[in-house]
Amino acid sequence: MLRNPIANVVIGFLLTGVLGMSLTQYYSMKRQQEAQHQRQIEARKKAVSQLSSLNGEVLAHAERLLRAIELGESENVDELKKLYDDAAVRWETENHSTLLIAREVLPTSAYYRFRDRLREGFQDRFLTPISDGLGRARHVASTGASASDVVVLPHTSDLRAGQTL
1 MLRNPIANVV IGFLLTGVLG MSLTQYYSMK RQQEAQHQRQ IEARKKAVSQ
51 LSSLNGEVLA HAERLLRAIE LGESENVDEL KKLYDDAAVR WETENHSTLL
101 IAREVLPTSA YYRFRDRLRE GFQDRFLTPI SDGLGRARHV ASTGASASDV
151 VVLPHTSDLR AGQTL
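Residues in the sequence shown are numbered consecutively from 1, following the working numbering.
Keep in mind that the hints were calculated from the coordinates and are not lab data.
Just to be clear, a hint being listed does not mean it is correct.
[Stated by the list, open to error] List of simulated lysine to any residue pairs, SDA-like, C-alpha gap at most 20 angstroms:
{"#": "1", "residue 1": "K45", "residue 2": "A35"}
{"#": "2", "residue 1": "K45", "residue 2": "M29"}
{"#": "3", "residue 1": "K46", "residue 2": "I101"}
{"#": "4", "residue 1": "K82", "residue 2": "L99"}
{"#": "5", "residue 1": "K82", "residue 2": "S53"}
{"#": "6", "residue 1": "K81", "residue 2": "Q123"}
{"#": "7", "residue 1": "K45", "residue 2": "E57"}
{"#": "8", "residue 1": "K45", "residue 2": "A110"}
{"#": "9", "residue 1": "K46", "residue 2": "K81"}
{"#": "10", "residue 1": "K81", "residue 2": "G56"}
{"#": "11", "residue 1": "K46", "residue 2": "K30"}
{"#": "12", "residue 1": "K81", "residue 2": "L99"}
{"#": "13", "residue 1": "K81", "residue 2": "A68"}
{"#": "14", "residue 1": "K45", "residue 2": "I101"}
{"#": "15", "residue 1": "K46", "residue 2": "L106"}
{"#": "16", "residue 1": "K81", "residue 2": "T128"}
{"#": "17", "residue 1": "K45", "residue 2": "L99"}
{"#": "18", "residue 1": "K46", "residue 2": "R90"}
{"#": "19", "residue 1": "K82", "residue 2": "E70"}
{"#": "20", "residue 1": "K46", "residue 2": "P129"}
{"#": "21", "residue 1": "K45", "residue 2": "P129"}
{"#": "22", "residue 1": "K46", "residue 2": "F114"}
{"#": "23", "residue 1": "K82", "residue 2": "K46"}
{"#": "24", "residue 1": "K81", "residue 2": "S22"}
{"#": "25", "residue 1": "K45", "residue 2": "L106"}
{"#": "26", "residue 1": "K45", "residue 2": "E34"}
{"#": "27", "residue 1": "K82", "residue 2": "L54"}
{"#": "28", "residue 1": "K82", "residue 2": "L127"}
[What the hints assert, rightly or not] Quick list of the computed label-pair ranges, beta carbon to beta carbon:
{"#": "29", "residue 1": "R113", "residue 2": "Y27", "range": "16 to 22 angstroms"}
{"#": "30", "residue 1": "E34", "residue 2": "D124", "range": "35 to 41 angstroms"}
{"#": "31", "residue 1": "K45", "residue 2": "T128", "range": "27 to 33 angstroms"}
{"#": "32", "residue 1": "R90", "residue 2": "R67", "range": "17 to 23 angstroms"}
{"#": "33", "residue 1": "D86", "residue 2": "T128", "range": "17 to 23 angstroms"}
{"#": "34", "residue 1": "Y27", "residue 2": "S53", "range": "35 to 41 angstroms"}
{"#": "35", "residue 1": "K46", "residue 2": "D85", "range": "24 to 30 angstroms"}
{"#": "36", "residue 1": "Q32", "residue 2": "D86", "range": "40 to 46 angstroms"}
{"#": "37", "residue 1": "R119", "residue 2": "G72", "range": "31 to 37 angstroms"}
Even glycine gets a Cβ: it sits at the ideal position worked out from N, Cα and C.
With these hints in hand, go ahead and build the complete structure from the sequences.
Shown next, in the form of structure tokens:
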């Protein structure tokens, strides 16, 4: 059978076709996997960038507001409080969608560590004390007491945006 030249051509054609198709499929799948990996990297970068931007915005507005309260600049406090509140609302609303993006692209254990670190490291360390301090400052202002009579913002140096970012 192998002495027949047509049989050699048919066997060669079949082997070339099967082998060629297998190699093409293998490299096509490799390219798809690489493209998926690149999309995950870009999604991670976007999520981190968005969270950093939100965190920086909240901290910057908080620092300006804290400074105005410390210096007794009551004419700026209401405007700065509104800017801070708007940034805090943006942080709360966009934070969840960004965490969903992070959840899709991070391995499960890494996502939960990331989420817990965000909550403990940023929300508990900065946002909660700032909100509590601002609440105390508003209470002091509404009662007419002097800010020096009440500890309004303990450890404000720990809340500086420049030290945080």
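Results of checking the hints against the structure:
1. K45 x A35: Status holds; Cα separation ~15 angstroms.
2. K45 x M29: Cα-Cα ~24 angstroms, so violated.
3. K46 x I101: 9 angstroms, holds
4. K82 x L99: 25 angstroms, violated
5. K82 x S53: Cα-Cα ~19 angstroms, so holds.
6. K81 x Q123: 18 angstroms, holds
7. K45 x E57: Holds: K45 and E57 sit about 18 angstroms apart, inside 20 angstroms.
8. K45 x A110: The hint holds at about 15 angstroms.
9. K46 x K81: 28 angstroms, violated
10. K81 x G56: This hinted pair holds, its Cα atoms lying about 16 angstroms apart.
11. K46 x K30: 24 angstroms, violated
12. K81 x L99: Cα-Cα ~26 angstroms, so violated.
13. K81 x A68: Between K81 and A68 the Cα gap is close to 10 angstroms, so the pair holds against 20 angstroms.
14. K45 x I101: 10 angstroms, holds
15. K46 x L106: 13 angstroms, holds
16. K81 x T128: Status holds; Cα separation ~15 angstroms.
17. K45 x L99: Answer holds: K45 to L99 is near 12 angstroms, not above 20 angstroms.
18. K46 x R90: Distance ~17 angstroms between K46 and R90 Cα, so the pair holds.
19. K82 x E70: Holds, because 17 angstroms separates the two Cα atoms, which is no more than 20 angstroms.
20. K46 x P129: 28 angstroms, violated
21. K45 x P129: Since the Cα atoms of K45 and P129 sit roughly 29 angstroms apart, the hinted pair is violated (cutoff 20 angstroms).
22. K46 x F114: Holds, at roughly 15 angstroms.
23. K82 x K46: Outside the cut-off at roughly 27 angstroms; violated.
24. K81 x S22: Violated, at about 64 angstroms.
25. K45 x L106: Since the Cα atoms of K45 and L106 sit roughly 11 angstroms apart, the hinted pair holds (cutoff 20 angstroms).
26. K45 x E34: 17 angstroms, holds
27. K82 x L54: 16 angstroms, holds
28. K82 x L127: 15 angstroms, holds
29. R113 x Y27: 16 to 22 angstroms: 36 angstroms, violated
30. E34 x D124: 35 to 41 angstroms: 39 angstroms, holds
31. K45 x T128: 27 to 33 angstroms: Because 28 angstroms falls inside the window, the suggested range holds.
32. R90 x R67: 17 to 23 angstroms: With Cβ atoms ~21 angstroms apart, the hint holds.
33. D86 x T128: 17 to 23 angstroms: 18 angstroms, holds
34. Y27 x S53: 35 to 41 angstroms: 39 angstroms, holds
35. K46 x D85: 24 to 30 angstroms: Because 26 angstroms falls inside the window, the suggested range holds.
36. Q32 x D86: 40 to 46 angstroms: Distance hint for Q32, D86 holds at roughly 42 angstroms.
37. R119 x G72: 31 to 37 angstroms: Holds, at about 33 angstroms.
Violated hints, in rising order: 2, 4, 9, 11, 12, 20, 21, 23, 24, 29; the structure is consistent with all others.
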